[in-house]
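*Asks:* If you want the building blocks of each chain, they are given just below.
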Amino acid sequence: MTTASEPKGLARASKVYRNRAYRAREWKAEGKKVMGYFCCYPPLELMTALDMLPFRILGDMDESISVGDGYLPTVMCIFYRSCFDLGMKGRYDFLDGFIGAHACDGAERTALIWTHYIKSPCNFHLDIPHTSHVAARDFFKEQLIHLKETLESFAGSTIGEARLRDAIALHNRQRGLVRDLYELRKPDPPLLTGSEALQVLIATMCLPVQEGSTLLEEVIAEVKTRRETPEKKIGRLLIWGSLIDNTALTGLMEESGLHIVVEDTAIGVRPFRHDIEQTQDPLDGLARHYLEEVKCPRTFVETGASYGEDLENRFHYLREFATHWKVNGVYANIIRNCDIHGYEVPAVRDYLEGLGLPVLIIEQDYSTAALEPLRTRFQAFAEAIG
Amino acid sequence: MAYLMGLDIGSALSKAVVMDQGALAAWAVAPTEGDFSRAARSVAESALGKVGTCADNLRAIGGCGIGASFAPCTLVKISDISCQARGTHFLLPGVRTVVEIGNQATRVIKLTELGKVADCLVSDKCAAGSGRVLKVIADVLKVDLDQMGLLARGARAPVKFTTGCAVFLETEAISRVAERNTKADIVAGLHRALAARIVALAQRMRIQKDYAATGGGATDTGLVDTLNAMLGGDLLVPEQPLITAAIGAALIAGEKAR
Amino acid sequence: MQSEKKQITKKSAKTLHTAREAGYFGKKMLENALKARQEGKPIGWSMVTWWEGDLIAKAMGMELVFPENYGAFCAAVRRAERHLDISGAEGFPSTLCGYARNCIGYAKLLADNKHQVPEDAPGGGLPKPTLLIGSGAACDARYKWFQALGRYMDVPVWTMELPQTGVREYYLDGNRSQNLRFIVRELHAFIGFLEKLLGKKMDYDRLAEMVAQTLKTLRVAYEVDLLRRAVPSPMVSQDFWSVMIPHFYLPDDPEAYAFYQRVYEEVKQKVDNKVGAIPNEKYRMMFSELPPWHSLGFFDDIGRDFGIAMVIESWNYHAITPIPEQELEGITDPLELIARISYRKFTEYNDTAVKYDAAPGFFNAAYLRWAEDYRADGLFAHPLMSCRPATYTLLHTKNCLEDRLKVPSVVVEGDIVDLRVFNAEEAYSKVEAFVETMDHYRELREKAAMAW
Amino acid sequence: MFFAGLDIGSTITKVVIRSPEGIRAAVIKPTAAEHRRLAHKVMQQALDRAGLCFDAVQYIVATGYGRINVPFADVQVTEITCHMRGIASLFPQVRTIIDIGGQDSKGIKVKDGKLAHFVMNDKCAAGTGRFLEIMARALGVELERIGPLSLQSRRPAEVSSICTVFAEQEALLRLSEGAGIEDILAGIHRAAAHRICSMVERIHVDREVALTGGGAKNAGLRKAVEDRLGFPVCLAPEPLLTGALGAALIAEERSARAGSRDMRERQRRRRLEAVTFFD
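Protein chains in written order, with the numbering used here: chain A, 217 to 602; chain B, 59 to 316; chain C, 452 to 903; chain D, 1193 to 1471.
One chain only, chain A, in its complex shape (with noise of 0.2 angstroms):
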């Protein structure tokens, strides 16, 4: 448990984003389990219900990929050879499971990979529908009954509906948190930077769940009272598209006269937006919310009857955000390779500049040596907006 010398607030944040282990090894070394899962898909709600700690699987843009080299090609998306890349050098020889899940195709093949070379005592591979039909909802709920099982046996005990509502209870507390967290970055300038939230984000996908809301309360009530807050800058930025999870990168931005308030991300707003409905059936809740809830272009949206019903019914929420967060430019963010983002970016882009928003689309390389070419665009994108 956090010891008195443990930091508190952003100071704890950081010290969890820089070492993202530590918290789960002390947890393993309490003798408790710690399951590493891919995206944001595995309901993390199984795993709170059964004491375990879901700990979010990332890649590391300071570390060049070497070993995973002799696995998977280099045509593939780098975010997850990455991920793969940090497993097979042991960087993740903490988790006592893996639960892998076909959030697109890098992800699908690589959590299949994985297990090939990377053992741990307990394994799933969570197959998600490409579209939100009522047969799709269905089929998913019955692999989320599959996952349930599998940690069950596992854990050598089950999950009663009471456990898992109260787990629903716990994350969807965290849920409103973050969002507690996105309100804070909407005054101009706003009262957190970028870097700092996504310090955060990180941290609470690395702790367990009450511990990472107790941050959260901790960063909320510390950056409402500091007295300095961020400079202001020319731009607000939504970022859309591929994770980000280094501040190598979002501080480039930052650093170039850039604000970003809100990120439609898999580590931004996505897994938090919406709460889980608790349910008659609990895992009704869960399908719902992990199958449609969570947005990604990797779920298939029904056509609309013309392409700007169709722009309308994939990308409203950006719309929302724009608004709220009152942004004034988008960075699209794109990992090489990153198929889902970039059949996405003429449609959304042409969504976005009907909103009169400028977008800036960077292909990266998902490597912090390759970041400094990137700053004359940021820089120049800035001035576009000022």
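These are computed hints drawn from the structure, not numbers from a lab.
Treat the hints with caution; some may be incorrect.
To be verified - Mimicking DSS-like on lysine-lysine, the simulated pairs with C-alpha atoms at most 30 angstroms apart in a straight line are: (1) LYS511/A with LYS647/C; (2) LYS218/B with LYS1221/D; (3) LYS314/B with LYS108/B.
Using the hints provided, position chains B, C and D relative to the given structure of chain A.
*Replies:* Below, chains B, C and D without anything else, positioned relative to chain A:
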């Protein structure tokens, strides 16, 4: 008396060897300078000259390298990869992985205990990661390739290069000089950048020890040391790292002629 | 950079007479589509759905064209470049699927031409569709790309669902039947969607006939695969890549069935008389996954020069291994049958994956089974710059073959539309060296007392 | 009132000093490694040429990849914005700018005098001035001559390699195969133009198009680009200066925005001296 000859006519260097009863009798290396045919003739003649014989006494000629087919003689064209493998095996039988750092590309070849090719990868998309970048920087710093290793030993804070492109490396090196970085730090930085790329290529195969470095890049002791460190030791370099492919060409041509 | 312009054969001279006739089916598909256009029949652009969607759409009177196939075609006739440039200009990343970028570029031209097929369109072009049938199976591009076409045509997209659970999960209690139920429910939804779109009812008897015909065609196609296990190999990949078209795209077409019976006869003949596809078969290689369409002659060259026979290839193009009788017992509903056929495609090698501890079952395990069945000496792995799904698992397959069966792989990069990536000279010298590698691993297999 | 723009490019440094009436002086100097530290010297030359003392300059904008190396500049602005402004002032009708610099090439879209979209290549030398420099050196032709020479070609030679180093080898090979130097050069210019245009096309090439940067001075490259686009391009009287000009124009605006006390403060602190690198 029947000699074997091997020719390796590369984009930067041409090499010729003469083998006598399975032993290396003579060898010659000369810059290609864009004229494959002329370069092939001159290295062939000087190698023959050294053993004091002429082309008529050759039982077979094996050729490899991008310019081999321009050679003014009839030869058995053999794949560069097989030649590199066989030649290295001839000089260093214990080697299981050859890293050939050539002017155009870097090759990683896994060998069987008989010196046959077990697996192979080539960096062929662009010159980044090829030996070429060494020459580029050597020219900028006005030092000889074979002095680079010595130079790098004096490095205190090796420069971090932000580009892999062989061309931009040159400009970056130039501005590093202007920024008062020492030649030593620049060269050491280059060695690291290049070695990292080569190791990354090698990592795409599950390579086995012993390792060997050949080709022009292997004449740079600084690069070799850095590579050796990154590979965790056991990196050997043949006494004549430039002529391994030519030796292989001669040996294989001999077998085929039998 | 290459100095010598080594003479590399571009087009493959196929070894089967029947293979030379197969082109007819490709033409037939395009012509039918254009005819349908004139007759005002509904046209569908369809992804390969491994028979999940095609039969149903056709039974509803829809004519189908396959943009993936069109991509390969445009590349082969060197007409893809323009389409790729347009797709880039439209803002689609150049790292996306080459087939997709070709189709997107073409769709833009079609839209600019008021949805009339442009005069100069390669191969007569693809007429504007009534419906786009995407698929979630195997790769994301195959529904994202059709969704992206919304910029150029107001045409509805239907995304076929095909579960893709892991090998371990496949064997979990009840999962298999749940997957099948899901597929069947989706097929019902698809039919409902089509009936609304086309304003007509599904003729289930017709559908049932088409499914029956499909099962027959796939069966012969599979039996041809069985014959190919013979040594020397009676036919090679160069043949397969032509004869596959009918079973892959038109299995419900009686002509396709008749064609395969002829293929079977011809191959059987050669097996009975021990006639090899290539005169001096010394090495037997497998190929994964999508071939360099524009230079298939390369495989003739290495056959001639090194005695390499390409004995089996491209898992995704093959007919399914027959569904065990007991699984079909008492099943008459054509949708139940379709579900089993398509699901079979993605699960048929799960048992192999278990046997060799070599998941995933799709794109991977098949090659381990084949290595044994076809006595393969090596795998020709063909990573593609712009087709990730056919590339993701290649290194893994390479490792599995090496570790489990002592079968080596040669890796030669290429692409499905950018013809310049596949460097025939480089490939040739890699294969030349690989011959040594195959010898070496043969010795290893002998030492390990393996069957071949 | 005078305003200055310094454009420290990878290979060439340019300075423009202007007053509201127009350009007062301009200097173009190679950015030798040393000179990157010596922006103040080039600035001094420009001042001498303009017959001005340093304090007479109200506001200074630095741009180009060496913009950080101008300690006496009031502000740094990217070359993307500066080129845009420079061209917009010369050719209001231009919608697309293709800038071919020594180290990188860019495509810039202008919309109502503002920066709309841009793309740039700075990862790989293909399609940059460096590419042509190296080819010229390899073929032993002065850089100034390769353009005109290439225009004499009847059968442009095939140069397929993208990598500059490989293309160099390929060019030499064509030479040894007996291809004419003008044909090889034509092939090289065509390859460069293809590379540049296919990048710029990603942001849609709308007319009018202006060509700037060192590459714009090369008649052969200009022709190759126009062939690829299918229409003629606008060319500034001195394509090298558009960035510095834009910077000077921005300097004028910024000084108008800044309060006069603030301006005096700036000028007081300003020193015309070399950059010192700290490590």
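*Asks:* Output the indices of the hints that this structure fails to meet, ascending.
*Replies:* none
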